[in-house]
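Could you slot chain B onto chain A? The hints should help.
So the chains spell out like this:
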Amino acid sequence: MSDEMEHRTPVSLANVRADDPHLQPAAKNPRRVEQVIGLLFVLGIACFIGFAVTYFLDAPAWTYGATLGMGLFLMGVGQVAWGKYLMPRGPFVEERHELASSETERSAFAAAIVDRGGGTVKRRRFLFGLLGGGVGIFSLVALIPLMRSFGPQPKGTLFKTNWKKGSYLVDSTGRRVQVGDLGIGSIVTVFPQGFENSENGQAVDQTVLIRISNEDVVTGKGRETWGPHGYIAYSKVCTHLGCPVGLYEQQLELLVCPCHQSQFDVTKAAIPIFGPAPRPLPQLPLYVDASGNLRSQNGFDQPVGPGFWERA
Amino acid sequence: MSTEVNTERTKKQALGPYGKLGQTLNELDDRLGVAKGGRTFLDKIFPDHWSFMLGEIALYSFFVLLITGIFLCFFYTPSQALTIYHGSYAPLVGQRVSEAFASTVNLSFQVRTGLLMRQMHHWACDIFVGAIVVHMARVFFTGAFRKPRELNWTIGVTLLTLAIVNGFIGYSLPDDLVSGTGIRIAYSIILSIPLLGTYVAFFLFGGNFPGTDIIQRFFFIHVLIIPLIILGLVGAHLFLLVRQKHTQFPGEGRTEHNVVGSPMFPVFIAKTNGFFFIVAGVTALLGAFAQINPIWQFGPYVADHISYAVQPDWYMGWLDGALRVFPSWETVVFGHTIPWEVTIPSVIFPGIIFNICYVWPALERRYTKDYALHNLLDRPRDRPKRTAAGVAMLALLGMTFIASATDVIAHFLDLPLNDVLVAMRILIIASPFVAYPIAYVICKELQGFANAGKRKTANIVSRTPEGEYVSVSAPHYEDDVHNELEAIPVPKFVVEPEIPESPGGVRTVPR
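Same order as they appear, the protein sequences are chains A and B. Start counting the first sequence at 0; every next residue gets the next number (numbering that gives the first Met the number 0). Start counting the second sequence at 0; every next residue gets the next number (numbering that gives the first Met the number 0).
So that you can see chain B by itself, here it is in the shape it has in the complex:
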């Protein structure tokens, strides 16, 4: 009996203090040398701030997109070949539809959980692009794109572009009436590019619109080419994040040379994994309760059919709005037509917007002559010009986004369509010029409040034995998030004369 216990104990001792798992880790380290790097990785510190979650939402909705997308691939047929619909959705039975459309309706109604997967995929896409935009705004307004992180900003802008493009291609795949109209518009936009347009359009579509190839080509681009590029760039984005470490807001004990927060293992892992579950869960709940893109109600794409209130997915809205409000400027020079009314709002305008995004870090470096490394974030109010510029850009894009609903607004408010359109033209042009100074002044005003963003604390007024009243503000709430965020002190432009300390009991008033 006792000898047995002893053998058990000796065995355990031979294994070392970390048991079998420790042994396995040692074997792994013998071969790959993971112990040192692994330890550093597990000890990696993540700063705690809610705004650092936005990028995680984007990442996790991308995972949801991959998982649901793989499911959809098994049931979708990327073909424009016509077939007669014989599925379970009665109103469509007997209609001539493309195989792409039929398979999408079938996977929605005849494959169990198919509808859920499709709706989750669509919702996850809308969330993906939305999260990227909000994440980008956070990075912009806090100056996280500054040296040394310009490259990661560039990768981020590219990811946004790819996400928008793949979103558009993805919702075109069911070949329904609304998305088919979108493809038709895309074809005409490509056609409008001077010199090359017709060739690019013909090579992409395999001929004049609609051709027979576009759905198959879009499918391949949508499920393989762009996701692979996104995956690679996401990897690079995260690698750079780890290599350069997180930025952090200024605060107690936080400097340009350290990172304060929770360790990767186990705290951050638990939180972020939980957050993945939450993002996936919310997407699934949206997929269950919020209908999105009911293509069986739109019907199959027929080139001479059209429906009222044709709006694209939200992230394409700004382009559609720009197309609506732009005046009809077409020029014919030397026997060549340049359709500016299409090229400017849908090719040149987004080109300018994305290029501004790409070059912004360089522009700011040059303008501010600030070539230093930055690991502490700015508070937006402390950089009023940058903040105002960002707000002006968002105002412009927000207005063009609203302009994509001119017909719906006119119908809803019972106004003449033309008046709404003219009003939107004025609002779009005016919005950045109105937004900039307002944002600038708000920033300047906020700088004046040392405690802006914190909860108010009580003023404790006490009376000294000599009869003097002293007012001291109570300390900030300890659980107040902003307590840790000490702003950079605002430089004082007015030199205030120092009041000499007076003996207690007598108040001296400077004259």
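Chain A extracted, bound-state conformation:
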């Protein structure tokens, strides 16, 4: 076996002599490596100084990261090289000490718990029961107000929107939508008047208004009057996970949800024809009043948005 191989036999740190080859650096030419590491450190320090300079010069944002990052990187490479090439190359060996205790210690430990502890409990079963019950009741009692203070109970909130009988359809600026406003194939997001700027209105009441023809549109049974003059309106809240169903594929007359690609057939009561959405988008029944404003005949006939336990 060569000398080189012999040095690779691990030794214990405790018994190592000062002249042991294991304590020699790994580098063949330590002087050279020292110079390179020195250069890396000098460059790193230069980068750090560069960081301070760029900061005070208010240089472009990327220069901060470039100087700081390069400085850290160079200093890091220098340190790793120092550890790898100039420090004792080893390898060293260390014995593992068994984690498990002796048999006597083990049984003494078990005895302390089972005999001393268990005995105490067994003798005062009643007290122990009371204590356990007390702690249990305390945690329950402590939990309830903590949970209840965090928010209101859902109650009927998820079943309601702000769409009422006769609500005006307005766009996001609050302008009432009139019967002549949209061309065929156009789409606009509408809200019940008065809620277009409220967070709740934007999140819950958002509705897409699409004009698909000039004639009245019937999307399904019982919906004969819901689509006057080719206007139809669906809740914009996806029935899958509540994303706004914002993409309208005009030629196929599909509403597409950009989040998980559910597709709803606009002409057939927005039934989902592909993707993970389980239910059609609820349709808002519309009518045109005497002055040509689009208004809702009523609110949605079902909760909007994704499914939840209480929903029938």
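Treat the hints as calculated values from the structure; they're not laboratory data. Be aware that a few hints might be false.
BS3-like, lysine-lysine: derived pairs with alpha carbons at most 30 angstroms apart [stated by the list, open to error]:
hint	chain 1	residue 1	chain 2	residue 2
1	A	Lys83	B	Lys455
2	A	Lys83	B	Lys35
3	B	Lys455	A	Lys27
In this text the structure is predicted, and so the values were computed from the model without any measurement.
Below, chain B without anything else, positioned relative to chain A:
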């Protein structure tokens, strides 16, 4: 003159051979008794293998997260209150945005190095979770989770879960259009949990979506609660590591009862500290040159707005992909809706995955009846079933991850969206069943090569004076890393008849 020199010398002698520092250490030991334990700690041996670095990457990116995160805290306002933006980013001026969004844009553009800190924080998070996953894969494939280290594996899985959750909450904080959509999806996922969903969602958000509380609550969870738990668990993880000592690959002089490598001080300290600098440096360079999460381009969150190609951060991709491909199975029973199409892919599926991770060590113990203590690592090819199972899991998660980009793939490859989605459904279901046997066969094949993973060496053919040709393979390269990694010999199932040694010069051929 000479007396002065003598006093100096006597002073030095009084101090002992280690001078003032030695004196200080003695004072410290008088009070705390640190000498014995400290010496043992400094002498602690760390095995040298590149794969043991992966956990260090995770640790150091966590430090980067803490440092940059503290910086960001000074400038961020955790509030959903609306305000009009008047900052230096012209396209947004005059828009109604939340204070959270405005403060994030302001700290990016008006605070010097603010943008760097924000981008470093985001990159460090992506690296953190990535490093944990790769570290976990290393631990899994080499069997480092076996007895006595099951508890540390459990802590590790918990850390991964917490890192993913905190990552999600963190990128939700700027309240921009993309992350707001993510919060909306999270709300709907919570809503989908049978029986409790609506209550949990209402208590967490303080009412129906979006409410006014969630950003503030997320902030508190993100900067205090979860980091504290992570910090504690990281401490426990490292404590157990020191207590149980490192595992090591089998090799020359390495047994179940020792550790071979470099000592803590000074070798490991130098390397690991340098490595911390490198991780921080690379993160800073990424922060400088690779833009991440430019929220000013997405705009503020408005509940009825949406953008195309909404993808979460990478570690949430597998959940998003699972949601995309899952069919629309909703059931209504006794007047109650159970949205399986949400609950299964986003609650039950990750629940199963993480629970498999948690119970794997116990499962393997039971299945292999191996209750022994293990300090030497397995080479993955020597445990083909475990390796194949791990590969199958990675294949499944990899496919669901790819499925989170169905829209981008369809757009990029100019394919119909629906076809891509159907293809992804098939690929996701098929991937583990295809990956398992392939990985298994590769392991089995690798077992046949005694020198797999090593560089090829020359065959030295020499001719003896009698005219016999002898072929001997040259010794392995000494700097070949795998030289130290002697694999466990593969058991021979075929008993080969021993060829009796023949006298030189005559070749006997068994018939």
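Against the structure, the hints come out as follows:
no., hint, result
1, A/Lys83 / B/Lys455, "26 angstroms, holds"
2, A/Lys83 / B/Lys35, "27 angstroms, holds"
3, B/Lys455 / A/Lys27, "25 angstroms, holds"
Every hint from the earlier list agrees with this structure, and none is contradicted.
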